[in-house]
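Starting from two chains that each stand alone, build the complex the way the hints lay out.
Line by line, the protein sequences give chains U and G. Read in this note's numbering, the first sequence has 7 at position 7, and its numbers run on one by one without any break. Read in this note's numbering, the second sequence has 73 at position 73, and its numbers run on one by one without any break.
Just to be clear, a hint being listed does not mean it is correct.
[To be verified] With a Cα cut of at most 25 Å, we get these calculated BS3-like pairs of lysine-lysine:
1. G:Lys-47 with G:Lys-7
2. U:Lys-64 with G:Lys-16
3. G:Lys-7 with G:Lys-33
4. G:Lys-47 with G:Lys-16
5. G:Lys-16 with G:Lys-33
6. G:Lys-12 with G:Lys-47
7. G:Lys-7 with G:Lys-27
8. G:Lys-16 with G:Lys-27
9. U:Lys-64 with G:Lys-27
10. G:Lys-7 with U:Lys-64
11. G:Lys-33 with U:Lys-64
12. U:Lys-52 with G:Lys-7
13. G:Lys-12 with U:Lys-64
14. U:Lys-64 with G:Lys-47
15. U:Lys-52 with U:Lys-64
16. G:Lys-12 with G:Lys-27
17. G:Lys-47 with U:Lys-52
18. G:Lys-27 with U:Lys-52
19. G:Lys-27 with G:Lys-47
Since the hints were made in silico from the structure, they are not lab data. Small disclaimer: the values here were computed from a predicted structure and weren't measured.
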Amino acid sequence: MVVRKKQVHVCRECHRVVDGEACVICGTSNLSEDWAGYLVIIDPERSEIARKMNITMAGRYALKVR
Amino acid sequence: MNESGNKIYAIKTTAKQERTVADNVAKVIEGQKDIRVMAVIAPEELKGYVLVESPDSVARMEQLVEQIPHARAVVRLRGEESYTNLSEVEHFLVPKPVVSGITEG
Ligand SMILES: [Zn+2]
Chain U
1 MVVRKKQVHV
11 CRECHRVVDG
21 EACVICGTSN
31 LSEDWAGYLV
41 IIDPERSEIA
51 RKMNITMAGR
61 YALKVR
Chain G
1 MNESGNKIYA
11 IKTTAKQERT
21 VADNVAKVIE
31 GQKDIRVMAV
41 IAPEELKGYV
51 LVESPDSVAR
61 MEQLVEQIPH
71 ARAVVRLRGE
81 ESYTNLSEVE
91 HFLVPKPVVS
101 GITEG
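Bound-form chain G, shown alone (with noise of 0.2 Å):
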């Protein structure tokens, strides 16, 4: 299977405002075209940050954080490296058994 390209992005919240902050990344995103979000995750261990997915630059997810009220800023994760990969992620998400009858072919 080809990797999709997507990078994992951090961004900063306001604090308690996580689910908040990752309900309005979904309304912002679905009235334009320019960026691009596949997902957000907000982990309970990361408090103060979601996660967001996104095949865009991160120039783009800086756009997109000046529309989202208690969103601050994309975190710079590693030196120079605005971004990760999913593998490094994954342990957040706790996959669940497959569901019989949606599953995709």
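Okay, chain U solo, but in the shape it has when bound (with noise of 0.2 Å):
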């Protein structure tokens, strides 16, 4: 078997790292394999930066997508 290194890719709209072929979120298929900065949201109701980010489900999110 070949072992390929996996790439993340990460939801263009809303930034989330998307784990199959579409974004859970959005529901779309266009995702990035080009972003930087990282962020994990564990409590979105009680978190000032999900606030700032408009971020309202918990999960991991890309800070920069190109």
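Structure representation (structure tokens):
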């Protein structure tokens, strides 16, 4: 078996890290491999960072998507 | 709007393990109730550090660091203080546009 380094994709629309083919939030498959900065939202209701970023769902996100 | 009272702590990490540490903070937090963390950010400009948003004390953050591989120490940011406010790290955040349909009321 060929072992490939798994590329992490993020949603171009909401910046969420996407595990499958499409973003669970947006439903879009408009994904990017070119992103930087990483953000993990654990408690979106109590997080000021989540509020600043307009994030309402816990999960992993990119800070910048190109 | 009331301020949350959350503080921002900087945690020193092993080089290139910033994302792993951010993921592991989320994992460790999930399994317990003593330490509260709302979010973790690993800006690309800040190599070797992650920023943790928490309402808890520096002692709690030190407990957290002990449980996380590749997390080394809570950094003293300015003299006595070990934390800062969100306003001082806001420039690392690039707000994305609100996605229609999932905004909070
Ligand atoms: Zn999305």
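Evaluation of the provided hints:
1. G:Lys-47 with G:Lys-7: holds, 20 Å
2. U:Lys-64 with G:Lys-16: holds, 18 Å
3. G:Lys-7 with G:Lys-33: holds, 18 Å
4. G:Lys-47 with G:Lys-16: holds, 8 Å
5. G:Lys-16 with G:Lys-33: violated, 29 Å
6. G:Lys-12 with G:Lys-47: Holds. Lys-12 (chain G) to Lys-47 (chain G) sits at ~9 Å (cutoff 25 Å).
7. G:Lys-7 with G:Lys-27: holds, 20 Å
8. G:Lys-16 with G:Lys-27: holds, 19 Å
9. U:Lys-64 with G:Lys-27: holds, 23 Å
10. G:Lys-7 with U:Lys-64: holds, 23 Å
11. G:Lys-33 with U:Lys-64: Since the Cα atoms of Lys-33 (chain G) and Lys-64 (chain U) sit roughly 31 Å apart, the hinted pair is violated (cutoff 25 Å).
12. U:Lys-52 with G:Lys-7: Holds, because 15 Å separates the two Cα atoms, which is no more than 25 Å.
13. G:Lys-12 with U:Lys-64: holds, 22 Å
14. U:Lys-64 with G:Lys-47: Roughly 16 Å separates the two Cα atoms, so the pair holds.
15. U:Lys-52 with U:Lys-64: holds, 14 Å
16. G:Lys-12 with G:Lys-27: Cα-Cα ~18 Å, so holds.
17. G:Lys-47 with U:Lys-52: holds, 22 Å
18. G:Lys-27 with U:Lys-52: holds, 23 Å
19. G:Lys-27 with G:Lys-47: holds, 22 Å
Hint compliance for this structure: hints 5 and 11 are not met, and every other hint is.
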